[in-house]
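Engineer: Could you put together the complete structure from these sequences and hints?
For the protein sequence lines, the chains are Y and E, in the order given. When we follow UniProt numbering, the leftmost residue of the first sequence carries the number 1, and every step to the right adds one. When we follow UniProt numbering, the leftmost residue of the second sequence carries the number 1, and every step to the right adds one.
Warning: the hint list may mix true and false statements.
Claimed, not checked - Computed footprint of chain Y on chain E, listed as stretches where at least three residues anywhere in the stretch have a Cβ under 8 Å from a Cβ of chain Y:
| # | region |
| --- | --- |
| 1 | 67-73 |
| 2 | 129-139 |
| 3 | 282-290 |
Treat the hints as calculated values from the structure; they're not laboratory data. Cβ coordinates follow ideal geometry from the N, Cα and C atoms, glycine included.
There are 2 protein chains.
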Amino acid sequence: MSGQNSISSKIASAAAAGTRLDPWFDAYADRALGMKQSETRSLFAVANRPEVVSLAGGMPNIVGLPLDFLADMTARLIRERGPQLLQYGGGQGEEELREMILEVMRAEGIRAHVDNIVVTTGSQQALDLVTQIFVNPGDTIVAEAPSYVGALGVFRAYQANVVHVPMDADGMIPQALDETLTRLAAEGKPVKFIYTVPNFHNPGGVCMSDERRPQVVEIARRHHVLILEDNPYGMLGFDDQVMRPLQTYDPDVVVYLGSFSKTFAPGYRVGWALAPHAVTQRLVLANENAVLSPTKVGQLSIAEYLRTYDWMAQIKEYRSMYKGRRDAMVGALAKYLPQCEWNVPEGGFYTWVKIPDGLDAKAMLPRATAKLVAYVSGTAFYMDGQGSDHLRLSYCYPPEESIVEGVRRLAGVIESEQELVGLFGTANLRKRAGTERPGTDVV
Amino acid sequence: MSGQNSISSKIASAAAAGTRLDPWFDAYADRALGMKQSETRSLFAVANRPEVVSLAGGMPNIVGLPLDFLADMTARLIRERGPQLLQYGGGQGEEELREMILEVMRAEGIRAHVDNIVVTTGSQQALDLVTQIFVNPGDTIVAEAPSYVGALGVFRAYQANVVHVPMDADGMIPQALDETLTRLAAEGKPVKFIYTVPNFHNPGGVCMSDERRPQVVEIARRHHVLILEDNPYGMLGFDDQVMRPLQTYDPDVVVYLGSFSKTFAPGYRVGWALAPHAVTQRLVLANENAVLSPTKVGQLSIAEYLRTYDWMAQIKEYRSMYKGRRDAMVGALAKYLPQCEWNVPEGGFYTWVKIPDGLDAKAMLPRATAKLVAYVSGTAFYMDGQGSDHLRLSYCYPPEESIVEGVRRLAGVIESEQELVGLFGTANLRKRAGTERPGTDVV
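Structural biologist: In structure tokens, the structure reads:
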């Protein structure tokens with residue numbers, strides 16, 4: 001059971017020191033050895049300590065949900081439709097939910113058919129299934145840089161070769177995309193899809209401009225490469241603005257991913273993919289293999305909520321609440337961290353902050369948590385080691401006064417780091433001492 | 001994007017005729033092309049037609065669940081703990097549920113630690129994750145024959161080489177297992193795990209004997225091969241008998257899978273894996289990639305049910321109800337199908353029926369559904385084309401009178417087939433005419 005091929009052998013020998021206690025180490029698949037230790041759990045542990053202000057997590061603030069309404073609604077569903085609600089369903093998801101998903105997507109201008117929707121266990125699972133059906137080990141995925149850390153984790157698990165395309169304040173740069181696809185074609189590297197979060201980007205906070213959207217779709221079509229359009233935040237524009245999805249420019253070259261985790265609640269674990277029909281069929285097969293069927297309790301609860309509650313009013317409340325937190329964040333940044341650069345996001349959960357030259361966001365993190373503030377190092381959002389000059393601050397979960405206090409603490413940490421840079425030329429003492437420890441890249 | 005390697009090219013050219021309408025066909029991963037068209041959806045469509053008696057599906061009968069209790073319990077949970085219930089959780093699952101899972105497993109004699117449990121989206125996802133972390137394409141899995149069709153689908157999706165070991169009325173045959181592992185080792189084929197359903201087997205209906213259990217564990221340990229013990233039906237012994245799990249003989253060589261789908265309700269999609277500690281850590285990473293976290297709505301609902309309801313009394317009701325249906329099934333078989341052979345299962349959902357010589361269960365299925373009765377052809381439960389002389393009849397979902405009526409209809413179909421065999425030497429007219437259509441292998 002050992003040394004079944006050179007890749008796993010190499011990884012095995014590299015990692016052997018830390019794994020002597022696992023008798024099954026030699027049996028793992030190559031992909032398992034490539035799965036990176038996400039620090040989600042330690043983040044949860046840290047974030048749950050009441051004295052820490054976490055500007056790290058992407059958890060939505062759901063305390064404003066209509067709990068009495070949901071309690072009554074769910075009790076009624078269980079009483080009236082219990083044996084249906086509590087049963088298995090089909091691998092594509094319930095049609096009554098897919099009908100309501102069509103209505104939700106119509107708010108963004110998408111016209112689609114229920115047959116082209118696959119309900120998944122959160123849109124994370126849609127990312128997993130799309131990658132599963134398209135990506136052989138070594139296949140290439142083109143992803144904007146930076147990219148959502150949870151997507152990069154999936155791409156890594158499927159042993160993809162991720163090639164980054166840069167973004168600016170208007171999103172992914174079409175010319176860079178075109179050149180990258182041309183170069184990869186010339187190198188004989190098949191590109192399986194282009195990964196993008198066009199709206200209120202995680203972690204970048206920016207939107208792809210209206211001008212670029214048709215350009216990106218045209219480039220993808222011309223190179224015959226699918227686009228994976230990941231859109232958890234599109235409905236969370238603070239000024240009620242709604243951007244036109246890439247999917248609407250050409251439904252045949254886009255797989256669109258939607259989620260209820262940010263516009264309603266993540267605890268049901270319900271998201272979806274809207275795909276060209278043949279791709280949908282493959283996704284359903286993969287979904288059946290993975291989980292047999294998505295949770296019917298979650299699906300029928302969300303369908304009933306969408307049917308019987310003013311869900312758009314709830315989204316507008318979310319927009320207003322998150323806008324207040326965004327204001328608290330950028331106000332505190334202006335007050336406490338004038339030596340940094342950041343953007344002012346017009347929706348979504350995240351600000352992307354450039355820290356002063358000489359500072360290393362990953363190395364600084366343990367010292368920040370010691371000062372009771374947490375963030376995510378920019379390095380988490382790249383596959384190629386970039387990002388140590390940035391950090392992601394999220395304003396979604398903590399209340400406004402905590403956001404301000406968190407930024408104030410972070411300013412203290414950054415000032416200390418800058419003093420170290422002044423004294424020693426670098427603030428990354430661990431790296432200088434050659435004893436770097438694993439970072440705390442957090443989903 | 002085409003012809004990236006010989007395997008996919010070959011499959012592509014073989015399947016090209018049916019896929020001209022899919023512009024992305026050349027982009028799929030090899031594993032996607034290996035995913036077999038499960039007929040779950042058409043089964044659901046067939047089974048939902050009220051005139052058809054389906055003895056095919058594995059859906060539990062959950063109409064006896066305490067709906068008023070569950071409605072009140074869930075409403076209270078949402079009112080009192082809504083923001084927690086509706087939020088993301090950790091990738092390992094909630095500790096309060098894992099504590100209750102320990103209590104459930106204690107009923108089978110398992111002593112374990114919460115840290116060794118990973119909560120999954122049904123035990124199907126645990127099958128998927130275990131295969132994902134262990135199996136490279138071409139790696140070997142040893143599986144008892146017949147095996148659960150949903151497990152075979154996962155193994156196929158991960159491009160495993162499945163080698164069958166025969167079963168008899170006492171479960172997997174230890175000597176055959178030992179010889180198979182010895183032979184595979186001699187051939188230089190690493191075996192990643194041994195897959196078995198020791199209790200109330202799907203589809204076989206049998207249990208591994210008390211005598212064989214330690215033998216199987218000893219053989220696995222001696223060959224340094226992990227056992228994947230899949231146990232959805234263990235608590236459903238009709239005479240309250242509880243078999244000792246393989247896991248208890250050596251926790252270091254067994255990954256044990258449990259499920260609430262058959263002992264409570266499948267609609268939450270909550271199952272679990274109990275694994276050696278290092279394996280657990282890998283499963284958590286894979287789970288985070290796949291879905292971020294299992295549904296907290298489902299997890300906390302089940303934890304509360306287990307804490308506040310007499311769940312063992314509910315299981316005893318299930319046992320009694322399924323025993324009545326088992327009796328209806330074997331009574332009807334004795335009355336209407338004396339020309340067949342079958343076993344009398346002492347628990348679980350399934351009877352495994354040998355049909356008369358010359359008949360083909362897969363070929364017969366369309367004619368059976370035309371006569372308004374559905375079953376699963378034995379061929380679904382093998383990777384190597386065996387099984388056309390068997391069919392699986394499930395007595396879990398239809399009421400007793402429907403079971404009897406279904407068997408009566410099936411007897412009519414089998415009699416017609418036997419007449420054809422008498423006239424033409426085979427009942428498989430499609431095969432004779434060279435126009436075989438895809439079968440209806442059903443999960």
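Engineer: For every hint, state whether the structure bears it out.
Structural biologist: Status of the hints after comparison with the structure:
1. With a threshold of 8 Å between beta carbons, the proposed coverage of the region 67-73 of chain E by chain Y holds, since 5 of its residues qualify and at least three are required.
2. Residue count for the region 129-139 of chain E with a Cβ under 8 Å from a Cβ of chain Y: 6. That meets the three needed, and the coverage hint holds.
3. Here's how the region 282-290 of chain E fares: 7 of its residues keep a CB closer than 8 Å to some CB of chain Y, so the rule of at least three is met and the hint holds.
Checked against the numbered hints given earlier, this structure breaks none of them.
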